[in-house]
Amino acid sequence: MNFYYLEESTLSNLNRIFLSGEIPFLRLSKFLEGDAVEVNPNQETKEKIGFYRRKVGPAVLDEVWKSPEFTDFLKKITGLNLGFRKSNNFSYSGGDYSLLHAEELEKKRVVVAYDFTKSWRYEWGGHDMYSSPGKDPLICSRDFGSLMIVKLEQGDLSCTRYTSLMAKSEVQLDQIIYDIK
Amino acid sequence: MRKAKQIPKVKKNPFPYVIVNDFLDSNTLDLVIDALAGLEYDFKESDLFSYWSSIDLTDIDHPAINILRDDLGDSSWREKVAASFGSKKLSSIDMAAYVYGLGDFLLPHDDQVEGRVIAYSLHLTPEITKKTGGSLNVFNASKEGKSELIESIIPKFNSLILFEVSNRSWHQVSEIMEDIQRLTVTGWYHS
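Chains as they are written, first to last, in our numbering: chain A, 1 to 181; chain B, 1 to 191.
There's no promise every hint is true.
Said to hold, decoys possible - Under 8 Å between C-beta atoms, here's a sample of chain A residues computed to sit facing chain B:
#1 PHE73
#2 LYS76
#3 TYR162
Said to hold, decoys possible - As a list, the in silico EDC-like pairs of lysine to aspartate or glutamate whose alpha-carbon atoms are at most 20 Å apart:
#4 A:LYS48 / B:ASP110
#5 B:LYS143 / B:GLU178
#6 B:LYS146 / A:ASP179
#7 A:LYS48 / B:ASP94
#8 A:LYS108 / A:GLU47
#9 A:LYS135 / A:GLU103
#10 B:LYS130 / B:GLU144
#11 A:LYS48 / B:ASP42
#12 B:LYS146 / A:GLU8
Keep in mind that the hints were calculated from the coordinates and are not lab data.
Because the structure is a prediction, the values reported are computed rather than measured.
Here a beta-carbon is modelled for each residue, glycine too, at the ideal position from N, C-alpha and C.
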């Protein structure tokens, strides 16, 4: 991890920023140090028409997301008592999508997304969307190496928007869900 | 005025649909396209779609739009549509115009909303090809939700596409890949 995010003063600031958002969120760029992570997911195409089409595999950094150290870091910056629920790696190629209503039955949770997407252009879509009734949606464009942390209540939704057929790369992310205890 | 007098035989796979070519006569077509070109369109986007849409045209009073509304929704045409699909009596239509430009799309959905019986779209762009995008793709969906593309309909200029709305009517507008404007008048026949 980028050591900057582990300093006490940073942790305290991050907690303050997290709590200030209409939809509480943090975006931590250059979260991991170096470029050592190789994305080699064992993926399978999954489709539920009208809900999603994407490739799914085990999270590339599964061990990191499950580790007590990372969970402790999350607790410090969110101020929440969190329990790991699941992690996956998702890929979205041209024509792939997920829709917000695919999460209709979700409980309150913290969603963490680590972005492996390289050489991306905004007009290709593929950004993450977080939606909460009565609030402006939160749009998170692709940014290699950034970690997104979002608190969602029951009824809040998230998705990865349609990826253009013109895209010359693919969206690649680990997504991890933590239950709020 | 309508040029088309009859509706061809409805195809059944993956769900009932039919294409009526040469729907309007050339004079009406010119008037309608001029009228639609004079409307304002608002950009709309969500997780499901990206396009430009007009105001609701169902009730506005405009000479050319009034003619179009009659051509699409007068009682004799509604009876023909209902007879072709073997549906219950169709009482009314709604309508709006949509423009899809470069990068716009409408992802797979089934159109199901209470009261909608038959969906329609009147296609008013001459230059749509496989390469430009903007086809109307119709899917079969398995119980698990896996889709199978059954047909990619490249809409002909002045064609009217009709299909029955049900939990099987999965369709999408494919992404526009070139700098064209895909113009349609779209809506539903209601029970």
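Structure-based check of each hint:
For PHE73 of chain A, the shortest C-beta to C-beta distance to chain B is roughly 30 Å, which exceeds 8 Å, and the interface hint is violated. Against a cut-off of 8 Å between C-beta atoms, the interface hint on LYS76 of chain A is violated, since the closest Cβ of chain B lies about 32 Å away. Checking TYR162 of chain A against chain B: minimum C-beta separation of about 6 Å stays under 8 Å; hint holds. Using a Cα cut-off of 20 Å, the hinted pair LYS48 of chain A and ASP110 of chain B holds, with the two alpha carbons roughly 13 Å apart.
A C-alpha spacing of about 35 Å is found between LYS143 of chain B and GLU178 of chain B, which places the hinted pair above 20 Å, so the restraint is violated. The straight-line distance between the Cα atoms of LYS146 of chain B and ASP179 of chain A is roughly 29 Å, outside the 20 Å bound, and the hint therefore fails. Of the pairs offered as hints, the one joining LYS48 of chain A and ASP94 of chain B is violated, with about 30 Å between alpha carbons and a cut-off of 20 Å exceeded. Simply put, LYS108 of chain A and GLU47 of chain A have alpha-carbon atoms about 25 Å apart, too far for the 20 Å limit, and the pair is violated.
Restraint check: the Cα-Cα separation between LYS135 of chain A and GLU103 of chain A comes to about 17 Å, which is no more than 20 Å; the hinted pair holds. Restraint check for LYS130 of chain B and GLU144 of chain B: not satisfied, since their Cα atoms lie roughly 29 Å apart, outside the 20 Å limit. At most 20 Å may separate the alpha-carbon atoms for a hinted pair to count; LYS48 of chain A and ASP42 of chain B exceed this at roughly 30 Å. This hinted pair does not check out: LYS146 of chain B and GLU8 of chain A have alpha carbons roughly 49 Å apart, beyond 20 Å.
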